[in-house]
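Q: Residues per chain are reported as follows:
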Amino acid sequence: MEEKCSIEVLSLHKRYGDTKALRGLTFSVEPGEIYGLLGPNGAGKTTTLKILVGLVRPDRGTARICGRSVTSQRVEALSFVGYIPENPICFQNLTIREFLEFIGSLRELSREDVEEAMSYYLEIFELKEKRNEYVSNLSRGMIQKVLASAAFMVRPKVLIMDEPMAGMDPEAQHVFKEEVRRMVSRGTAVLISSHLLDMVEKFCTRIGIINRGVLIAEGGLDDLRRRAGEEASLEDVFLKLVEES
Amino acid sequence: MKLGKSLIIAKYLIKNYLINPFLKSFRKKHALIAGILVAIVILAAIVIFAIFAPPEPEGGNSSSSASIRKSMIALGLNKYVIIDVVSSALTLIMVFEVIRGRITISVMEEAEYEVLLAQPLDMETYFLGRFVKDTVWMFTFTAWYVSLIPIATDLSKGRSKAVLLPVSIFLMTSYLSALDTLISELKIIWREKKDYLRLTALLYIIISAAHSLLARRISPLISAPFIFLARSIVYCATISESILDVLLSLGGGTFVLILILLAEMKLADRISPEYVKPASILMKEKKFKKRERRKIYSLGSSESVFNYLFRWEIVNRRHIITLALILLATGLPAYILRRFLVAKLGISIETLQFLSLFLIPLLASEALSFLINSSMAKDLAAFWIYRVYARDLKPIARSLMLKYAFYLSEAFLVISVYDAITASPSMILMPLIILPLTILMAFLLLAVVTYLASRRRIIRQAPVGLYMLEELAASLVMVIVISIYMVSDILMKFLLPTIPDIELAVICLVSLVLALILHKILTESLSDLMFSYDVLS
Numbered sequence: 001m002e003e004k005c006s007i008e009v010l011s012l013h014k015r016y017g018d019t020k021a022l023r024g025l026t027f028s029v030e031p032g033e034i035y036g037l038l039g040p041n042g043a044g045k046t047t048t049l050k051i052l053v054g055l056v057r058p059d060r061g062t063a064r065i066c067g068r069s070v071t072s073q074r075v076e077a078l079s080f081v082g083y084i085p086e087n088p089i090c091f092q093n094l095t096i097r098e099f100l101e102f103i104g105s106l107r108e109l110s111r112e113d114v115e116e117a118m119s120y121y122l123e124i125f126e127l128k129e130k131r132n133e134y135v136s137n138l139s140r141g142m143i144q145k146v147l148a149s150a151a152f153m154v155r156p157k158v159l160i161m162d163e164p165m166a167g168m169d170p171e172a173q174h175v176f177k178e179e180v181r182r183m184v185s186r187g188t189a190v191l192i193s194s195h196l197l198d199m200v201e202k203f204c205t206r207i208g209i210i211n212r213g214v215l216i217a218e219g220g221l222d223d224l225r226r227r228a229g230e231e232a233s234l235e236d237v238f239l240k241l242v243e244e245s
Numbered sequence: 001m002k003l004g005k006s007l008i009i010a011k012y013l014i015k016n017y018l019i020n021p022f023l024k025s026f027r028k029k030h031a032l033i034a035g036i037l038v039a040i041v042i043l044a045a046i047v048i049f050a051i052f053a054p055p056e057p058e059g060g061n062s063s064s065s066a067s068i069r070k071s072m073i074a075l076g077l078n079k080y081v082i083i084d085v086v087s088s089a090l091t092l093i094m095v096f097e098v099i100r101g102r103i104t105i106s107v108m109e110e111a112e113y114e115v116l117l118a119q120p121l122d123m124e125t126y127f128l129g130r131f132v133k134d135t136v137w138m139f140t141f142t143a144w145y146v147s148l149i150p151i152a153t154d155l156s157k158g159r160s161k162a163v164l165l166p167v168s169i170f171l172m173t174s175y176l177s178a179l180d181t182l183i184s185e186l187k188i189i190w191r192e193k194k195d196y197l198r199l200t201a202l203l204y205i206i207i208s209a210a211h212s213l214l215a216r217r218i219s220p221l222i223s224a225p226f227i228f229l230a231r232s233i234v235y236c237a238t239i240s241e242s243i244l245d246v247l248l249s250l251g252g253g254t255f256v257l258i259l260i261l262l263a264e265m266k267l268a269d270r271i272s273p274e275y276v277k278p279a280s281i282l283m284k285e286k287k288f289k290k291r292e293r294r295k296i297y298s299l300g301s302s303e304s305v306f307n308y309l310f311r312w313e314i315v316n317r318r319h320i321i322t323l324a325l326i327l328l329a330t331g332l333p334a335y336i337l338r339r340f341l342v343a344k345l346g347i348s349i350e351t352l353q354f355l356s357l358f359l360i361p362l363l364a365s366e367a368l369s370f371l372i373n374s375s376m377a378k379d380l381a382a383f384w385i386y387r388v389y390a391r392d393l394k395p396i397a398r399s400l401m402l403k404y405a406f407y408l409s410e411a412f413l414v415i416s417v418y419d420a421i422t423a424s425p426s427m428i429l430m431p432l433i434i435l436p437l438t439i440l441m442a443f444l445l446l447a448v449v450t451y452l453a454s455r456r457r458i459i460r461q462a463p464v465g466l467y468m469l470e471e472l473a474a475s476l477v478m479v480i481v482i483s484i485y486m487v488s489d490i491l492m493k494f495l496l497p498t499i500p501d502i503e504l505a506v507i508c509l510v511s512l513v514l515a516l517i518l519h520k521i522l523t524e525s526l527s528d529l530m531f532s533y534d535v536l537s
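Quick note, the sequences are listed as chains Z and R, same order. Sequential numbering of the first sequence, starting at 1, is according to our numbering. Sequential numbering of the second sequence, starting at 1, is according to our numbering.
It is worth saying that the hints were derived from the structure and are not from the lab. We put the beta carbon where it would ideally sit given N, CA and C, even for glycine. Be a bit skeptical, because a hint or two may be false.
Sample of chain Z residues with no beta-carbon within 10 Å of chain R, all distances over it, derived [as the list claims (entries may be wrong)]:
#	residue
1	Gly54
2	Val56
3	Ile103
Derived DEER-like restraints, expressed as beta-carbon distance ranges [unchecked claim]:
#	chain 1	residue 1	chain 2	residue 2	range
4	R	Leu325	Z	Asp18	24 to 32 Å
5	Z	Lys177	R	Asp122	42 to 50 Å
6	Z	Gly219	R	Leu325	31 to 39 Å
7	R	Ile320	Z	Gly141	42 to 50 Å
8	R	Glu97	Z	Arg186	23 to 31 Å
9	R	Ile336	Z	Lys20	33 to 41 Å
10	R	Leu199	Z	Arg57	40 to 48 Å
11	Z	Gln73	R	Ala263	49 to 57 Å
12	Z	Arg60	R	Tyr204	51 to 59 Å
13	Z	Ser110	R	Val47	38 to 46 Å
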């Protein structure tokens with residue numbers, strides 16, 4: 001039977017000089033769940049995500065992917081992860097095809113698997129005609145689609161995404177969400193950080209709100225609404241909780 | 001460590017940084033292939049010519065090699081002194097790296113950190129891939145040193161060992177790069193004890209200096225780390241050493257390089273990806289650190305641009321203190337050498353004066369690589385703001401020209417301080433006298449790199465550093481700048497001491513006026529170039 005994977009964040013602390021980015025953050029994302037991480041600018045969302053993909057080392061606390069610590073078992077933990085960074089960052093002088101082949105070979109996918117996945121994702125994201133185009137010639141939204149293709153291509157058990165739909169056109173956003181839902185139905189655990197409250201409201205199954213490096217609220221949309229009034233939107237809930245904290 | 005993955009990393013990084021930037025620049029691939037073939041044929045012809053050129057009779061002296069030899073002997077320089085000076089200078093550069101600098105491993109593109117290191121790779125695999133990429137990168141650059149083979153052949157009186165010169169230079173650059181990475185790793189691992197590390201480096205310099213004074217020659221303590229490399233380069237151009245001597249030195253250098261690499265790989269897994277930082281992030285951090293309460297805003301847009309591009313960078317306490325320290329660090333040893341040690345060490349005063357010629361490439365390349373890698377990437381990255389908000393590009397061109405001329409003049413001021421102490425006090429006026437040339441150099445640098453960068457979206461998007469083609473162009477400009485400054489320095493040393501004070505004052509005034517006129521004319525040209533390259537293209 002295939003291993004089901006979760007994300008566990010336990011009492012994470014991180015400091016940059018005098019700034020405390022994380023102050024004991026704890027939450028978990030179960031398999032088949034889309035967890036939306038919300039918070040104002042500087043709340044510690046990106047730091048959390050970077051810790052989870054092994055790019056930043058926490059000062060204290062534990063972060064685990066599929067039960068593997070991202071600090072002591074980094075390589076093993078990351079082999080389960082597909083990651084989309086915050087900004088449209090990609091190798092400027094590689095073509096889309098070369099970039100996806102690069103990621104495929106690092107993940108030890110067979111040539112056929114890479115070709116198949118490339119053909120599928122470039123088709124659904126309407127990038128097939130541009131497969132030999134250099135990344136530097138692509139728009140922000142197109143780079144996001146390439147990064148999403150790379151993250152999906154590796155068949156991750158855990159998807160970690162920082163503002164993944166920024167710059168994408170509505171059609172691509174729809175395709176993106178459908179694809180994520182398809183993966184979630186197969187048991188993938190998804191952690192998504194975004195400022196698009198409408199999207200989070202409709203897309204995520206559970207939401208965590210962080211401010212100044214700690215979790216101030218967590219639960220389903222209905223649970224959170226109860227804290228701000230039955231008719232409240234996620235925006236109202238978010239503003240109320242952040243103000244109170 | 002997975003060797004296969006290291007090679008995959010190397011392959012795609014080479015494509016990204018080296019091959020594809022060239023392919024992108026040549027719309028017609030056959031033009032690129034033809035260009036590469038022509039370059040290979042030229043380089044091969046040079047090598048064949050050097051190998052099969054008829055050897056010169058033992059007693060014979062070709063005019064160029066004889067004159068070079070003669071002037072070096074007149075300056076008290078022999079191969080042993082040159083080996084000692086070169087190896088010590090390289091050691092000092094590395095020790096300086098330990099003392100100063102950030103605790104990071106820098107990369108050119110953010111993707112190398114944010115995308116590549118988020119993949120399941122151990123750091124050892126990444127570092128090996130990175131080393132292979134760097135080696136190929138350096139090989140591409142050092143291949144051009146094949147053009148030095150005829151000079152080495154001439155100096156060694158037709159010995160075929162001269163063809164090993166590019167290999168020796170390649171080994172030296174690989175060695176420097178590997179050692180630099182190892183130093184960065186050590187600084188990261190011992191970041192909590194960085195002051196001890198710096199103190200150790202400082203002690204090493206003091207002990208080596210003391211030993212040099214006692215032994216009345218450069219201490220092996222300071223020359224040893226690079227002695228094999230210096231020998232392998234110098235022996236390519238000597239008469240008495242055989243090809244075996246060059247090969248033995250190369251072998252020694254390669255052996256130490258392998259040891260450095262093994263140490264680098266051994267330590268790699270103790271480095272968190274957190275310390276791998278893209279150049280753009282480093283620039284941002286530097287800017288944040290420097291942020292003081294400084295006023296940019298002015299009602300006049302030209303003044304605001306001037307404040308941001310020039311005043312912020314040049315007229316600030318940090319910059320002035322750094323310049324003062326560099327001047328002191330050059331002037332004080334020069335004074336001590338001149339006043340107290342020339343006689344004791346048995347060095348002729350001419351040799352002391354000749355050393356400034358070594359300082360020129362060092363300082364000019366430092367100043368230019370700072371301008372190109374840091375200041376220029378930052379200035380050009382913000383170009384879109386100027387394009388959108390500035391009414392015209394003239395104030396930007398004016399401030400940039402002034403800033404780059406200022407940086408180059410500062411590098412030259414350091415040399416002139418050294419020359420003023422060791423040769424003649426009037427040499428202090430040298431930066432002012434050659435100011436028109438400096439303005440020309442600043443224009444050339446800005447025009448070339450702005451043109452190339454405008455084709456690469458560096459101006460249009462976030463800074464990602466410079467690629468192969470920009471580096472090559474900048475290196476060419478660097479060669480021109482260094483050559484012009486060296487010729488100027490030699491000429492001034494002969495001319496300035498003979499010119500009376502009043503005439504000297506007139507020359508300075510004429511230079512200043514000429515520099516101002518040139519600055520005005522070239523500002524117009526640069527702003528036109530910037531407009532047509534970037535806005536109209």
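Q: Output the indices of the hints that this structure fails to meet, ascending.
A: Hints 1, 2, 3, 5, 6, 8, 9, 10, 11, 12 are the ones this structure does not satisfy, whereas the remaining hints hold.
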